[in-house]
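Asker: Taken in order, these protein sequences are the chains called C and F.
Each residue of the first sequence is one higher than the last, beginning at 42 in my numbering.
Each residue of the second sequence is one higher than the last, beginning at 68 in my numbering.
It is worth saying that the hints were derived from the structure and are not from the lab.
It is possible that some hints are incorrect.
Said to hold, decoys possible - On the chain F side, residues computed to face chain C include the following (Cβ under 10 Å):
1) Glu123
2) Val278
3) Ile361
4) Ile393
5) Gly432
6) Val446
What the hints assert, rightly or not - Part of the chain F face toward chain C, derived, beta carbon under 10 Å:
7) Glu179
8) Gly329
9) Gln440
Backbone N, C-alpha and C define an ideal beta-carbon position, used for all residues, glycine too.
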Amino acid sequence: MSQQTIHSDADVSTDSDEDAMISVRNLKTYYDEGGLLGGTPVKAVDDVSFDIRSGETLGLVGESGCGKTTLGRTLLQLEEATAGDVLFDGVDVTKLDGSELQEWRRNAQMVFQDPESSLNDRMTIGEIVREPLDVHDWKTPRERRQRVKELLATVGLQREHYYRYPHQFSGGQRQRISIARTLSLEPDFVVLDEPVSALDVSVQAEIINLLEDLQAEFGLTYLFIAHDLSVVRHICDRVAVMYLGNVMEIGPTEELFANPSNPYTHSLLSAIPEPDPTSDRERITLHGTPPNPRYPPSGCPFSTRCPTRIRPEEFRALDDELWTRLNALKNTLSERKRAELSVRERVRAAVGKDTRFGSIEELYDDLFGDLEVPPDVQSALDEIETHARNRDEDEALAVYHDAFGSVCEAETPEYYSTGDGEHRSYCHRHDEGYRSPGAVLDRRHR
Amino acid sequence: MMSLERSPRTTAERDEPILEVRNLQTAFFTEKETIRAVDDVSFDIRPGETVGIVGESGSGKSVTARSIMGLVDSPGRILQGSSIRFGHVETVREYAEAFPNRTVDLESLRAEYDPNDFFARAAVDVRPTDLGYERADDVPLEDVVAAGYGDALGVGDGDCVFVTDGSPESPSSIADGFVELTRLDGEAQRRMRGGRIAMVFQDPLTSLNPVYTVGNQIKEALRLHQGLRGEAATREAAELLEDVGIPDARRRVNEYPHQFSGGMRQRAVIAMALACEPELLICDEPTTALDVTIQAQILDLLAELQEERDLAMMFITHDMGVIAEISHRVNVMYAGEVVETAGVNDLFADPKHPYTRGLLQSIPGRQEGDRLQTIEGNVPTPNQPATHCRFAPRCPKAFADCEAVHPASVPVEEGATDHTAACLLYPEELPTAEAVARHRRRADTETRGDTE
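Modelling step: build the complete structure from the supplied sequences, incorporating the hints.
Answerer: In structure tokens, the structure reads:
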């Protein structure tokens with residue numbers, strides 16, 4: 042497997058495809074920035090670059106809160122980008138405003154997740170589907186009505202449904218209505234934000250078939266946002282995996298599913314329950330939850346949960362179980378650092394009473410009581426304990442990083458090209474000095 | 068070979084069922100119509116076993132769960148003839164002790180009970196077929212009283228504890244019996260709900276009260292069911308949180324639900340459900356609102372807890388992948404009825420009912436060819452007693468008789484008692500005409516009067 046680094050952004054853009062319809066370059070979307078008191082922004086999308094080719098379906102997957110919806114909305118300028126470019130046919134749409142922006146929006150539409158809340162209950166189906174036409178002043182009212190009726194037929198509804206209200210329709214039919222509305226202005230690019238997540242499997246299959254038909258008929262380009270990976274595998278040509286505002290891996294669907302590169306993709310794929318009770322596949326269970334995007338970890342965003350984290354040279358021989366506990370200690374310390382003490386608790390602590398924080402001794406007992414800890418680890422732990430007892434979590438964490446940290450926390454990884462040229466993964470392990478994630482997973486988890 | 072792989076637990080004869088659901092019918096009476104949300108459902112759950120219930124939305128999964136919990140609110144009602152028996156012996160003893168006036172010794176009744184004579188009585192408005200038997204001779208006394216037709220035998224209105232082996236006077240001697248859940252109310256209901264049977268709901272945020280700390284809410288269950296208070300309760304609550312894998316539990320106990328992440332909240336809800344060491348845990352789509360990685364954690368946790376505590380679980384979901392992962396037996400529901408029941412390996416390897424097949428084929432990745440298979444149409448709302456197959460309008464294999472005969476649940480082939488389907492095509496070894504005739508006979512004897 043060839044593994045080359047893609048060093049600078051310049052490389053990425055020269056890499057970009059001729060037939061790219063949309064090129065996203067170093068896109069960042071931060072929320073809550075520059076308030077009166079400054080404050081730390083939520084880094085919902087943090088430096089993302091990729092291309093979407095004309096006529097393809099690009100899947101965007103990840104856990105909730107990883108920024109996939111924000112990314113989709115930023116592409117459509119429903120959110121303002123903090124930095125970076127979104128090039129559509131060479132025009133940076135993040136800089137558009139006024140009538141130019143309106144023109145662009147004709148071209149790019151969105152289907153929302155929940156068909157219950159994305160249709161106005163007080164409008165008839167006809168009015169809902171006609172609204173984009175009205176807003177953009179499309180031809181004459183008579184032609185608009187005609188167009189709406191055609192659209193309803195296109196998405197598999199009846200023309201007579203024009204005068205009905207949303208509550209008279211089932212979930213699948215409502216999603217069809219949403220799709221009809223999306224198509225009314227003949228866009229080139231459609232963002233599908235979890236279009237089938239709220240539907241039952243059999244209905245879900247109908248909508249997926251419809252989306253595929255429409256793509257073939259109108260030559261649409263889709264950005265398909267989803268957390269259901271089996272749906273993504275079925276419908277998408279390429280897939281981007283997001284975690285904490287970063288694209289961890291992007292590549293052709295079949296290759297990515299059959300031969301994932303990034304440890305996060307490995308874990309995500311192994312977490313999908315397979316509809317086959319005889320499957321004996323080993324599951325990689327990730328511990329904990331994704332970190333708060335307001336305080337992303339330093340280095341690699343996935344380093345706090347990564348099952349293949351690079352371990353420092355001198356502790357390479359440590360037991361896997363001990364590493365799990367060490368990681369738990371670190372996560373507890375960083376949580377405590379951010380948990381605020383109420384006045385009452387400060388007083389309790391001052392007079393020597395128990396606070397709601399169990400003592401550090403208890404924590405240690407829980408974590409390491411039943412394990413044999415080698416002396417060099419113990420000495421580091423003792424130092425951490427001293428700082429933690431004084432409620433100096435910052436210092437405790439610094440000691441932790443000195444002792445147990447590695448390149449994963451220290452430096453942000455680069456994109457490495459794995460497999461054929463367009464399959465990229467964001468992980469230190471692709472560097473030649475380390476073993477590949479797949480090999481490490483084999484050793485640690487099987 | 069396949070059925071051996073899973074675990075020895077799947078063997079049906081391991082234990083007596085802890086929960087027996089028989090002919091459960093729950094209907095909602097609105098001004099416009101009567102919706103028969105659950106229509107004649109029967110299944111068992113054994114200790115240490117997970118029974119999965121799958122089906123599309125509107126198929127009656129959640130109403131089944133709520134009927135067991137006694138959470139069906141007006142205008143909904145469990146119809147007479149339904150029976151949900153909780154057969155945990157210790158519980159029966161405890162109930163016999165706590166509610167001597169509501170306890171009935173079935174042994175002493177048995178002398179007066181002659182099935183033929185009983186069903187011939189004018190005052191008795193139930194036929195043996197209503198209880199799932201073809202002949203009056205076959206109907207055991209238990210079924211009659213549990214279904215609520217015991218008045219003629221002198222069973223009082225409020226009686227809910229039935230002892231079949233042992234004497235109600237000395238509760239410790241009771242060796243067999245059951246508590247009839249459909250007849251519970253008041254204190255008896257409260258002890259069962261939460262104490263013996265607990266439930267985990269889909270959305271953890273709506274099952275937690277936002278203005279109380281998580282610890283507070285766990286302590287409420289401990290106080291009500293185990294009388295724990297103060298420091299002891301707090302300690303117990305923290306321990307429970309630790310058991311469900313929440314780190315730093317001492318601190319977490321005093322935090323509010325909004326300070327927990329989605330997966331943690333569901334863990335906290337599970338801790339609450341386990342607070343009183345229930346025998347049966349009902350999970351109503353507990354992972355639907357969670358991400359796959361968190362779902363994997365919760366499924367692991369539930370499997371672990373089941374192992375530790377020998378919990379019986381009823382697991383409702385519409386995700387076939389989750390069902391394959393967690394359950395031992397599966398009931399497939401459609402429009403209020405169980406259309407297929409099988410061990411999990413059989414169901415996935417060899418689904419019989421056309422609906423189950425359709426459901427499995429519509430999962431991306433399992434179909435042949437590029438297009439996804441779909442099941443045309445929608446789940447109907449059952450508002451009449453079934454006189455034909457409710458799936459017939461959507462069924463790819465439907466034939467004329469499907470519109471005329473209501474299929475009964477039969478073994479899919481000779482001797483396969485563990486795998487049943489409600490479809491005119493089965494039993495498989497019979498020619499279709501004969502199979503239809505058999506279903507017709509069952510349906511005819513079952514001309515159910517208005518059960519209202």
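Asker: Taking the earlier hints as the rules, which of them does this structure contradict?
Answerer: 2 and 7
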